Structures are given as C-alpha cells and as structure tokens.
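Colleague: Same order as they appear, the protein sequences are chains Z and S. The numbering used here puts the first residue of the first sequence at 1, with every later residue one more than the last. The numbering used here puts the first residue of the second sequence at 277, with every later residue one more than the last.
Bear in mind the hints are in silico, worked out from the structure with no lab data behind them. Values in this document were obtained by computation on a predicted structure and should not be read as measured data. Misleading hints may appear alongside valid ones.
Derived SDA-like pairs: lysine to any residue, alpha-carbon spacing no greater than 25 Å straight-line [unchecked claim]:
#, chain 1, residue 1, chain 2, residue 2
1, Z, Lys263, Z, Glu219
2, Z, Lys40, S, Asn331
3, S, Lys344, Z, Gly202
4, Z, Lys40, S, Leu294
5, S, Lys322, Z, Lys263
6, Z, Lys135, Z, Ala100
7, S, Lys344, Z, Lys263
8, Z, Lys40, S, Gly333
9, Z, Lys84, S, Lys322
10, Z, Lys265, Z, Gln244
11, Z, Lys263, Z, Gly202
12, Z, Lys59, S, Leu347
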Amino acid sequence: MNRSYLFIPASNAGMILSSMVLDADAIIFDLEDGVALNQKISARTLLQHSLDTLDFLDKTLYVRINNASSDFFLEDVICANHPKVHGVVLPKAEIKSLEACLKVLDPSKTILCLIESALGVIQLPQLCQMSSQVKGLLLGGEDLSADCGVERTQAGHEIDYARKSLVMHAKAFKLMAIDTPFVNIEDHQGLREEVKYVASMGYDAKVAINPRQVHVIHEALKVDPLKFKEAKMIVEAFEKHRTQGIGVFNLNGKMIDEPVYLKAKHLIEKEERRTP
Amino acid sequence: MNITQTTQAGTLESNDILVTLKPNPEGTIEIHLQSVVLKQFGKQIKAIILSTLQNHGITSCLCECEDKGALDHVIIARVESAIQRQL
Chain Z
1 MNRSYLFIPA SNAGMILSSM VLDADAIIFD LEDGVALNQK ISARTLLQHS LDTLDFLDKT
61 LYVRINNASS DFFLEDVICA NHPKVHGVVL PKAEIKSLEA CLKVLDPSKT ILCLIESALG
121 VIQLPQLCQM SSQVKGLLLG GEDLSADCGV ERTQAGHEID YARKSLVMHA KAFKLMAIDT
181 PFVNIEDHQG LREEVKYVAS MGYDAKVAIN PRQVHVIHEA LKVDPLKFKE AKMIVEAFEK
241 HRTQGIGVFN LNGKMIDEPV YLKAKHLIEK EERRTP
Chain S
277 MNITQTTQAG TLESNDILVT LKPNPEGTIE IHLQSVVLKQ FGKQIKAIIL STLQNHGITS
337 CLCECEDKGA LDHVIIARVE SAIQRQL
C-alpha cells in the first residue's frame with residue numbers, strides 16, 4: 001500500500017530523472033498545474049521519452065492529466081496509457097470528467113479521482129461506483145477552497161467536510177483515501193501533525209509536493225510499536241479462544257470481542273502492507 | 277522541411293538542454309553546441325541532435341544548443357518540441 005504520492009512536474013528533466021531514486025512509494029508526473037500553459041506539450045513529449053527510456057524500478061507511476069475540458073486532455077490520456085504507468089490522477093473529478101476519462105483510458109489503468117470542486121464532493125457516491133478502475137480518492141484542498149471562494153488555512157476547517165466525506169466514501173467503497181498536499185514545505189512539524197490527524201480519520205496516504213516531505217509522511221504513518229504488539233496479542237488470543245468456542249474474553253483487563261479483533265487485524269494488515 | 281521561424285524548447289536547468297531552431301539561409305543543417313560535457317560527449321550529442329532533426333524531415337536549420345548534462349532521451353524530446361513549435 002502506498003503511503004506517499006510525490007508530485008513531479010513533467011516539464012523538469014532533472015526531477016523526472018531523480019524521481020526513480022527518491023523514497024516516495026508512488027510518483028505522480030504532473031502535466032496539469034505544475035506545468036506552465038506554454039510548456040504543456042513539451043512536458044508531455046519529455047515525459048513520453050522518459051517513460052520509454054528510464055527504469056523507474058519498483059515505483060508506482062501515475063500521471064496527473066489535464067482537465068477533461070482542456071485541449072490537452074486526450075493526448076495526456078494517450079501518454080498515460082504507457083505500459084509503465086499505473087494510472088491517472090483525474091483533476092476536477094466529477095461525473096462528466098470521469099465519463100470522458102473512462103472513454104479513452106486503457107481499461108488496465110487505475111484512476112485516482114482528485115476531488116477539488118464542490119460538485120466533486122457532492123458527487124462522491126457516484127464517482128466511487130462508476131467504474132472498477134477508480135481505486136482511490138485524493139483530496140485537493142487548494143482548488144477546493146478556491147472553488148468555494150474561501151481562504152485556505154493550515155487548520156483546514158474550510159475543507160473539513162470534504163476531508164471527512166472523502167474518507168468515509170473511500171472506506172465504504174474500499175478505495176484508497178489520499179490526503180491533500182501540505183503546502184508549507186519547511187514546516188515538517190505541521191506536516192507530521194496533519195498526517196497523524198488524517199491517519200486517525202482513516203486516510204491511507206498523503207500527497208507530497210517536495211521530496212523532503214516524504215520521510216516525514218512515512219514516519220508519521222508508522223503505527224506505534226506498542227499498539228502493533230498489542231494488536232498481535234489480541235489477534236493471537238482471539239483466534240485461540242475462537243477454536244474453543246469463546247467469542248468474548250478478557251485480555252489484561254480489556255474486553256476482546258469480534259470488532260476489537262477485526263480492528264486489530266486490520267491494523268496489522270495495514271502496517272504490513274505499508275512496510276516496503 | 278525548412279525551419280522558417282525561431283523556436284525554442286528546454287531549459288538551462290541541470291540535466292536539461294535549451295534547443296533553439298532558426299532559419300539557415302545556407303540551406304543546410306548547422307549545429308552549434310555548448311555543453312558542460314562538450315569534450316566528453318560533444319560528438320555524440322551532435323549526432324543525436326542531427327538524427328532527430330533528420331528523422332523529422334528537417335533539411336535546413338541553424339540549431340543552437342546549450343546543454344546542461346541532458347541524457348539522450350531529453351535531447352531528443354527537446355529537439356522534437358522545438359520542431360513541433362514550428363507547426
């Protein structure tokens with residue numbers, strides 16, 4: 001399971017080259033906001049040649065394509081159909097844009113819906129069910145706050161509803177929940193606190209916009225070793241009791257039943273999937 | 277195909293190359309290369325530039341390149357983009 005998704009502007013030859021040795025679990029080559037309007041086609045050409053030539057080892061590669069209503073959309077999707085690319089990040093994901101994407105994207109590719117408009121938030125139930133290619137939801141806090149005409153703050157109260165709604169939909173439809181980038185690149189403590197906060201809500205991963213954020217994200221997503229050990233004990237004890245026909249028991253003064261067992265099992269599985 | 281206007285692609289950042297295509301009144305392909313690795317790879321870089329131009333049917337141009345250590349695929353991509361901007 002990917003913990004971090006690092007944006008790399010597809011116009012930057014050096015960053016594309018170095019992305020293969022960075023610690024991020026997944027790389028998102030950005031053809032959209034990270035590329036100036038007059039560099040879009042040139043960036044796509046560079047990305048195509050880079051994909052053809054470079055070996056990105058075990059990195060999961062995504063391409064953030066341009067908006068479905070833009071002139072670049074079709075060629076961007078064709079570029080993202082490259083065999084080395086895992087899928088696309090669909091900006092301004094709404095029913096119409098997802099329909100357009102599904103028409104041209106290779107059926108083997110996955111889609112991460114970037115939820116960054118009020119309409120996108122409202123349409124989450126439909127977006128989650130439109131295609132099995134949709135594997136994740138990604139929150140875009142900057143564009144969402146712009147769409148709502150409100151100021152983006154570090155506290156994030158203006159995106160609170162969207163953040164909670166997104167993770168709940170992701171859980172309901174078994175999709176990855178990926179949190180919005182933390183834009184204050186130098187503030188590692190703030191990033192750490194935000195990652196811990198969203199992880200407590202159920203988010204699986206966070207977007208990084210600078211390679212230096214990746215390590216902070218990975219550290220913050222690590223499960224407390226004591227909690228991990230306790231979860232192992234719970235799972236072991238529950239499975240042992242179950243063979244004896246006991247569904248509820250006391251472990252070190254704590255009542256253990258099926259939901260506690262499932263939660264512990266989930267924590268172990270998640271941590272093991274996260275560990276590279 | 278002749279280059280009829282000045283177009284540019286690439287940057288002067290590390291691992292990149294800035295390619296400028298201009299019309300050449302002589303009617304030939306002329307490549308001027310500045311590179312941080314000119315002594316080591318100058319011939320190879322020029323050969324890549326020339327073959328990319330020829331592959332796209334270019335028969336006449338003045339090609340000025342400032343290389344900052346671009347790999348082959350970056351050189352090809354930037355030359356192609358400069359050609360594409362002629363269209």
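Colleague: Each hint needs a verdict: does it hold in this structure or not?
Modeller: Tested hints:
1. Between Lys263 of chain Z and Glu219 of chain Z the alpha-carbon distance is near 21 Å, which keeps this suggested pair within the 25 Å criterion.
2. At most 25 Å may separate the alpha-carbon atoms for a hinted pair to count; Lys40 of chain Z and Asn331 of chain S meet this at roughly 23 Å.
3. Between the alpha carbons of Lys344 of chain S and Gly202 of chain Z the distance comes to roughly 45 Å, so the proposed pair goes past 25 Å and is violated.
4. Proposed proximity of Lys40 of chain Z and Leu294 of chain S is supported: the alpha carbons are some 16 Å apart, at most 25 Å.
5. Between the alpha carbons of Lys322 of chain S and Lys263 of chain Z the distance comes to roughly 62 Å, so the proposed pair goes past 25 Å and is violated.
6. Only pairs whose Cα atoms come within 25 Å are accepted, and Lys135 of chain Z paired with Ala100 of chain Z is accepted, the gap being roughly 17 Å.
7. Proximity of Lys344 of chain S to Lys263 of chain Z is assessed by CA-CA distance (about 53 Å); at most 25 Å being required, the pair is judged violated.
8. For the proposed pair Lys40 of chain Z and Gly333 of chain S, the alpha carbon gap of about 24 Å is at most 25 Å, so the pair holds.
9. This hinted pair does not check out: Lys84 of chain Z and Lys322 of chain S have alpha carbons roughly 29 Å apart, beyond 25 Å.
10. Taken as a hint, the Lys265 of chain Z and Gln244 of chain Z pair is honoured in the structure, with Cα atoms around 19 Å apart against an allowance of 25 Å.
11. A distance of roughly 12 Å separates the Cα atoms of Lys263 of chain Z and Gly202 of chain Z; the hinted pair therefore holds under the 25 Å criterion.
12. Distance restraint check for Lys59 of chain Z and Leu347 of chain S: the Cα-Cα separation of roughly 21 Å lies within the 25 Å cut-off, and the hinted pair is therefore satisfied.
Going down the numbered hints, you'll see the structure goes against 3, 5, 7 and 9, while the others check out.
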